[in-house]
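*Asks:* Construct the entire structure; sequences and hints are all you get.
So the sequences go chain by chain: A and B. For the first sequence, counting from 1, position 125 maps to 125 in UniProt numbering; every step adds exactly one. For the second sequence, counting from 1, position 31 maps to 31 in UniProt numbering; every step adds exactly one.
These aren't lab readings, by the way, just hints derived from the structure by calculation. A hint or two may mislead.
[What the hints assert, rightly or not] Restricting the straight-line Cα-Cα distance to at most 25 Å, the calculated cross-link-like pairs of lysine to aspartate or glutamate (DMTMM-like) are:
id, chain 1, residue 1, chain 2, residue 2
1, A, LYS113, A, ASP49
2, A, LYS113, A, ASP141
3, A, LYS113, A, GLU152
4, B, LYS393, A, GLU217
5, B, LYS393, A, ASP245
6, B, LYS393, B, ASP179
Every value quoted in this text rests on a predicted model; they were computed, and no experiment measured them.
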Amino acid sequence: MRFMLDQAQTDFGRTVDRMLGGADTPHAIRAWGRGEHAPGRAVWGRLADAGVTGLAVPQAYEGVGPLPVELSVAYVAAGRHAVPGPLAETAAAAVLLGALAEGGTARSGQVAKDWLPRIADGRALVTLAAADGGPYALDADAADAVFAVAGEELWLAPGHGPVQPSFDPARRLARPLPGGELLARGPAVAAAAARAADWAAFATAALSLGAGLALVERTATYVGQRTQFGRPIGSFQAVKHRLADALIGLEFARPLLYGAAVALASGPADGALASGPAGGALASGSTGGARAEVAAAKVATGEAAYTAARTALQLHGALGYTDEYDLSLWIRKARALRSAWGSPSVCRARVLAP
Amino acid sequence: MDLDLTERQSAFRAEARRWLAAHTPTSPLPSLETAEGFAAHRAWERALAAGRWSAVTWPEEYGGRGASVIEWLLFEEEYYAAGAPGRVSQNGVSLLAPTLFEHGSAEQRARILPPMARGETIWAQAWSEPESGSDLASLRSTARRTDGGWRLSGQKTWSSRAAFADRAFGLFRSDPAADAPHRGLTYLMFALDAPGVTVRPIGRLDGKPAFAELFLDEVFVPDEDVIGEPGQGWRIAMSTAGNERGLTLRSPGRFTAAARRLVALWRERADEAGSAAGIEAAALRDRVADAVIGARAYELFACAGASRLAAGGSLGAESSLNKVFWSELDIALHETALDLLGPHGELSDAADDRDAPGPWSDGYTFALAGPVYAGTNEIQRDIIAERLLGLPKGRR
Numbered sequence: 001m002r003f004m005l006d007q008a009q010t011d012f013g014r015t016v017d018r019m020l021g022g023a024d025t026p027h028a029i030r031a032w033g034r035g036e037h038a039p040g041r042a043v044w045g046r047l048a049d050a051g052v053t054g055l056a057v058p059q060a061y062e063g064v065g066p067l068p069v070e071l072s073v074a075y076v077a078a079g080r081h082a083v084p085g086p087l088a089e090t091a092a093a094a095v096l097l098g099a100l101a102e103g104g105t106a107r108s109g110q111v112a113k114d115w116l117p118r119i120a121d122g123r124a125l126v127t128l129a130a131a132d133g134g135p136y137a138l139d140a141d142a143a144d145a146v147f148a149v150a151g152e153e154l155w156l157a158p159g160h161g162p163v164q165p166s167f168d169p170a171r172r173l174a175r176p177l178p179g180g181e182l183l184a185r186g187p188a189v190a191a192a193a194a195r196a197a198d199w200a201a202f203a204t205a206a207l208s209l210g211a212g213l214a215l216v217e218r219t220a221t222y223v224g225q226r227t228q229f230g231r232p233i234g235s236f237q238a239v240k241h242r243l244a245d246a247l248i249g250l251e252f253a254r255p256l257l258y259g260a261a262v263a264l265a266s267g268p269a270d271g272a273l274a275s276g277p278a279g280g281a282l283a284s285g286s287t288g289g290a291r292a293e294v295a296a297a298k299v300a301t302g303e304a305a306y307t308a309a310r311t312a313l314q315l316h317g318a319l320g321y322t323d324e325y326d327l328s329l330w331i332r333k334a335r336a337l338r339s340a341w342g343s344p345s346v347c348r349a350r351v352l353a354p
Numbered sequence: 001m002d003l004d005l006t007e008r009q010s011a012f013r014a015e016a017r018r019w020l021a022a023h024t025p026t027s028p029l030p031s032l033e034t035a036e037g038f039a040a041h042r043a044w045e046r047a048l049a050a051g052r053w054s055a056v057t058w059p060e061e062y063g064g065r066g067a068s069v070i071e072w073l074l075f076e077e078e079y080y081a082a083g084a085p086g087r088v089s090q091n092g093v094s095l096l097a098p099t100l101f102e103h104g105s106a107e108q109r110a111r112i113l114p115p116m117a118r119g120e121t122i123w124a125q126a127w128s129e130p131e132s133g134s135d136l137a138s139l140r141s142t143a144r145r146t147d148g149g150w151r152l153s154g155q156k157t158w159s160s161r162a163a164f165a166d167r168a169f170g171l172f173r174s175d176p177a178a179d180a181p182h183r184g185l186t187y188l189m190f191a192l193d194a195p196g197v198t199v200r201p202i203g204r205l206d207g208k209p210a211f212a213e214l215f216l217d218e219v220f221v222p223d224e225d226v227i228g229e230p231g232q233g234w235r236i237a238m239s240t241a242g243n244e245r246g247l248t249l250r251s252p253g254r255f256t257a258a259a260r261r262l263v264a265l266w267r268e269r270a271d272e273a274g275s276a277a278g279i280e281a282a283a284l285r286d287r288v289a290d291a292v293i294g295a296r297a298y299e300l301f302a303c304a305g306a307s308r309l310a311a312g313g314s315l316g317a318e319s320s321l322n323k324v325f326w327s328e329l330d331i332a333l334h335e336t337a338l339d340l341l342g343p344h345g346e347l348s349d350a351a352d353d354r355d356a357p358g359p360w361s362d363g364y365t366f367a368l369a370g371p372v373y374a375g376t377n378e379i380q381r382d383i384i385a386e387r388l389l390g391l392p393k394g395r396r
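*Replies:* See the structure below:
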């Protein structure tokens with residue numbers, strides 16, 4: 001057992017984090033919210049340069065994946081800097097197309113060849129609508145492709161309906177238009193879509209953890225500087241304890257995220273539950289292993305990030321409630337990610353599924 | 001990043017499982033907070049020691065197996081999964097022993113550890129005083145130099161296990177003129193039946209004498225029972241507080257086993273209630289799931305800590321995160337079980353009605369103390385805020 005990042009993974013996370021720290025993501029987010037995608041696409045270009053966009057793409061299609069541990073590390077950094085765009089959806093679509101191509105028809109092989117290399121090198125930014133994620137495709141107006149799963153059918157949608165704003169200005173939701181090009185059909189689509197939904201939930205969990213960490217870090221800095229009654233408010237226990245609780249939530253969500261990564265890496269039929277030291281708390285059997293581990297990570301990261309957002313909002317006072325202060329970009333993201341790709345209650349049910 | 005076990009670890013786990021299956025008492029022992037239960041638990045410690053399972057991480061010469069922290073995790077997982085009894089030797093094994101390994105002499109280790117492992121000497125702690133709880137460094141019990149040793153005087157309280165234990169360890173003020181409260185303290189061990197010691201048991205919330213007050217009147221302690229240098233007691237007591245002990249005070253196995261029992265209880269109750277339970281069932285389901293998720297998080301957090309230690313790293317203020325997390329998880333888990341039991345949930349563990357909650361009730365009472373002992377959760381949150389988040393120190 002070596003349940004920790006190795007040096008290369010740690011370095012990779014630092015590199016992505018540092019690169020994003022210099023990318024002025026708040027500017028890109030605000031532009032994205034106005035439908036101006038160029039600054040956001042530039043950030044994606046940097047992610048591609050760092051090798052992030054190829055992490056969910058199989059090696060047969062010019063990716064380096066699937067590498068769930070590395071993906072979680074990179075997505076935590078992306079969440080920490082609130083990178084706009086369909087990050088979880090692009091990774092999930094890559095898993096979906098990759099799974100269909102594997103042992104699939106010539107047609108699904110061609111679809112994978114058309115899209116996966118372009119996803120891997122960052123040229124294509126795609127989105128996905130599937131039952132597990134609700135009726136909307138995130139950022140369909142910015143995407144090069146809108147994939148839609150309906151039962152046992154995978155469609156390349158012909159376009160999307162009106163763009164609906166989210167509570168998070170960086171997230172813009174639209175329903176895919178019906179019809180378009182039928183890419184695949186049959187039970188394999190449903191199976192691949194379930195796998196893709198797990199990856200979407202997993203990626204969303206990583207983004208949530210990153211957003212939560214950023215909220216706690218920014219708030220810790222603020223309360224160390226803000227002075228009332230002649231001393232920094234961060235010296236008051238009422239303030240300290242709220243922040244401590246927020247950090248506890250995040251630090252115990254982190255191992256669940258990595259546990260989910262280990263489960264995803266070991267394949268759909270074998271979760272970490274069977275191989276972990278315990279047989280695990282989630283000992284629900286081997287087939288549901290990865291799904292339950294991802295669901296646990298999704299609940300914990302979502303709740304922890306949301307708690308961090310509430311804490312940040314409260315401890316910043318009225319300042320945290322303003323649109324113009326950049327903190328609001330993270331506060332609103334934490335709320336939106338909490339229900340994306342599996343609400344807390346849906347995921348709790350999955351944890352207990354026999 | 002993996003959770004795989006080596007062949008050696010798998011074999012270790014299988015051996016533990018076999019031994020526990022063959023030796024674990026088939027019916028639960030009486031509560032260890034009673035005289036009868038204490039004796040039964042002491043006998044169980046003797047049985048564990050005979051199989052060399054009572055302190056697996058210790059070197060073999062003291063009765064251990066030289067097990068790694070990862071192997072300890074595996075043993076604990078198996079231990080609680082087997083439904084084995086609570087550990088009456090916990091104070092000694094997880095609090096005093098690490099201190100002796102780090103600061104004790106070879107003579108002390110050879111003299112003290114083997115009988116501790118065999119359950120012959122059960123240890124109580126003597127930290128808190130009536131006027132010194134969270135502000136432990138303000139303690140006033142004294143150790144006065146005398147020929148060949150020290151004379152202890154004063155009062156200790158909330159001394160866990162002291163009602164039935166054999167010996168105790170704690171801090172005493174040996175230099176009243178020292179320039180700061182945490183200086184001039186000495187770490188000493190003493191017998192609870194020594195002349196001058198009066199033990200007054202205190203009933204915990206359910207009346208069982210789980211702790212005691214200790215009145216000390218010129219109690220003689222020989223020099224050989226001082227740990228480390230006189231005057232260095234605070235540093236010695238704190239140096240092991242944050243490291244491995246933070247990981248090993250409460251094992252994940254306790255919570256993963258309890259979470260599995262909770263899920264079983266929930267399924268059983270859900271079957272009985274049928275679909276009529278409606279919204280209430282969904283709310284309870286979410287709490288059951290949260291207990292399972294919490295236990296898994298705690299387990300994986302420990303795996304991460306054990307991996308870090310195995311790689312030569314160390315743990316620091318993270319143990320404060322740990323303490324708050326497990327103590328709150330323990331309460332939430334047991335509250336959920338009692339709520340699932342509906343009208344039967346209020347029955348105490350002494351009730352023998354066929355629907356009595358039994359261990360859930362005792363476990364709930366035990367859990368309620370968690371946020372208070374071993375450093376209150378308020379103190380832990382201060383540590384988290386100051387050492388992990390860098391917030392300024394302030395008045396408590």
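*Asks:* Next, verify each hint and record whether it holds.
*Replies:* Checked hints:
no.	hint	in the structure
1	A/LYS113 with A/ASP49	holds, 21 Å
2	A/LYS113 with A/ASP141	holds, 23 Å
3	A/LYS113 with A/GLU152	holds, 21 Å
4	B/LYS393 with A/GLU217	holds, 17 Å
5	B/LYS393 with A/ASP245	holds, 17 Å
6	B/LYS393 with B/ASP179	holds, 21 Å
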